[in-house]
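When you get a sec, could you build the whole thing from the sequences and use the hints?
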Amino acid sequence: MTFSKSNITSHRTIRGKAAIVGAGRSDIGRVPGKSVMALAAQAAKAALADAGIARSKIDGVLSSIALAAPFHRFSVAFSEYFGIQPTFSNTLQVSGATAATMFNIAAAAIAGGLAENVLVLSADSLLTGLSADLALRALTEGRDQQYEMPFGIPAANTFAMTAHRHMKEFGTTSEQLAKVAVIHREHALRTPGAQMTTAITVSDVLNSPWATTPYHKLDCSLISDGAAAFIVSSADSARTAFKTRPIYILGGGECYTHEHIFLMPSLTTTGAVHSSAKAYAMAGCSPKDIDVAGVYDCFTGTVIMMMEDLGFCPKGEGGRFVDDRQITYGGSIPCNTHGGLLSFVHPGFPGGLFHFLEVVHQLRGECGERQVAGAELGLVHSLGGGFSTQATTILGTEATL
Amino acid sequence: MRKVDPRLAHIKPLPTPDPDSNAYWQGLSEGKLLLQHCTVCKNVQFYQQAICRKCGSEHLEHRAASGRGTVHSFSVVHRAPGLAFKDDTPYAVLLVELEEGPRMVSSLIGADPLTVAFDMPVELVCEKRADENVVLPRFRPA
Chain A
1 MTFSKSNITS HRTIRGKAAI VGAGRSDIGR VPGKSVMALA AQAAKAALAD AGIARSKIDG
61 VLSSIALAAP FHRFSVAFSE YFGIQPTFSN TLQVSGATAA TMFNIAAAAI AGGLAENVLV
121 LSADSLLTGL SADLALRALT EGRDQQYEMP FGIPAANTFA MTAHRHMKEF GTTSEQLAKV
181 AVIHREHALR TPGAQMTTAI TVSDVLNSPW ATTPYHKLDC SLISDGAAAF IVSSADSART
241 AFKTRPIYIL GGGECYTHEH IFLMPSLTTT GAVHSSAKAY AMAGCSPKDI DVAGVYDCFT
301 GTVIMMMEDL GFCPKGEGGR FVDDRQITYG GSIPCNTHGG LLSFVHPGFP GGLFHFLEVV
361 HQLRGECGER QVAGAELGLV HSLGGGFSTQ ATTILGTEAT L
Chain B
1 MRKVDPRLAH IKPLPTPDPD SNAYWQGLSE GKLLLQHCTV CKNVQFYQQA ICRKCGSEHL
61 EHRAASGRGT VHSFSVVHRA PGLAFKDDTP YAVLLVELEE GPRMVSSLIG ADPLTVAFDM
121 PVELVCEKRA DENVVLPRFR PA
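Same order as they appear, the protein sequences are chains A and B. For the first sequence, the working numbering gives the first residue as 1, with consecutive numbering after it. For the second sequence, the working numbering gives the first residue as 1, with consecutive numbering after it.
Simulated from the structure, these hints should not be mistaken for laboratory data. Among the hints, erroneous ones may be present.
[As the list claims (entries may be wrong)] Computed list of lysine-lysine pairs in BS3-like fashion (alpha-carbon distance at most 27 Å, straight line):
hint	chain 1	residue 1	chain 2	residue 2
1	B	K128	B	K12
2	A	K217	B	K12
3	B	K128	A	K217
4	B	K86	B	K128
5	A	K217	A	K17
6	A	K217	A	K243
The following block contains the structure:
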């Protein structure tokens, strides 16, 4: 695949045109007695309260779909439920990458005059609304019905085959994979409300039952209920019209290399190389400038591969990079300081929004004992569909504009 | 989008051929794994579609693959993706690299799933499913 220079350095940009001015979440983890819509409404209210505006100010709504509430037009159904009639709306579906695409598209819509205040939203109830078994089956339904599903290929399996190949090509070890889970658990233990609340060791991970090789149960992300919501507004109004310190959208990029796992160009190098290159170029920064990151951690090996493809370490060295604790406090790029999908919460489509929630809180300086000192520039990367979908967003404080 | 009906969750998902893939599934029922060969750019592709993915040509020929390949990657499933596959665990999902170049997803048959290894030679087995009118392309150690 080739990208022309003009693709990467277009004079048209979303840099600094819009900012996240409100952020909130619902109850998370196992949340009985709340429908998907109720979770969504709880998160949306929290985001509005954070921004300090009334729901009547929302004129745009972007959402993902929800597996436990299969509205074709979730963003429209939610607007009705919430009692608003927006003039810009869409329900986006590029699997796990949907999270970052919502921010990139919200910024573009605002820059293009389609909306002023966009509610970015995702909610699902995989644990109590579906059950773990039905959630896994629903995720498997996302594989191709003719060429993948008949062989019993779980969503986890596509990621497992890439990690397996990474181990063969670069000598990445099961212990290094486990280290990712251990560090994420350390982070979750500092985060109020995290679904997982007990410390784990490398041997705990290695002794947990196999899920799909090379992944043990503790290499896999959680199955949860939960919702998160954000208010994205124009940079012009962000400085004055809201209660919060605005966090600006500085760059965005996406890349879609394949649909079927058997057509992934390389099992060990992903489209994140291109999505992040576009985002860095737009933001005018490089990986070494990033202070804090939220990186989609559906499985432990995913984080190792993303450290390489997002440019935080050279190709093939991701295993050693996490083994050296470069992805936590004191390391070169603290990642997923909330605990991520592995240990904080993973309600499916909303999962990637919790990376945004944490990076926004880090950039505002609101993380207390989890705070990464002096964090001004953040990166969030979302991905999905067996690495078929990749989206990157770079965020920054006023000082980075 | 489709919500999984809990009453049907024990049934395995089966392929429904479409106009692009009718010949493929027909070929399997005759014991052949058909690949598409582009007569314009010589690209060989899996799966069957109306155009060549490399050059866009509609001049595609079906030719039977040798059925030989190697394991490019694999994952042994212990936690089934739902009720339908629970009785099959552990089973080995394979990413097979065919001799002709293309890769495809399949699963191992005729050997202990725990014996699969990278680059292991495998060969095609057209498996008629007893309960359904469908033939699936599976692979056994060569």
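Does the structure keep K86(B) and K128(B) at a Cα separation of 27 Å or less? holds (20 Å)
Given the hint that K128(B) pairs with K217(A), test it: the Cα-Cα distance must not exceed 27 Å. Between K128(B) and K217(A) the Cα gap is close to 33 Å, so the pair fails against 27 Å, i.e. violated.
Sort out whether K12(B) lies within 27 Å of K217(A), counting only the CA atoms. holds (23 Å)
Quickly compare the C-alpha distance for K217(A) and K243(A) to 27 Å and report which way the hint goes. violated (42 Å)
Does the structure keep K128(B) and K12(B) at a Cα separation of 27 Å or less? Given pair K128(B), K12(B) holds - Cα atoms ~15 Å apart, limit 27 Å.
Is the Cα-Cα distance between K217(A) and K17(A) 27 Å or less? Violated - the C-alpha atoms of K17(A) and K217(A) are around 42 Å apart, more than 27 Å.
The structure fails hints 3, 5 and 6 (numbered hints given earlier, in ascending order).
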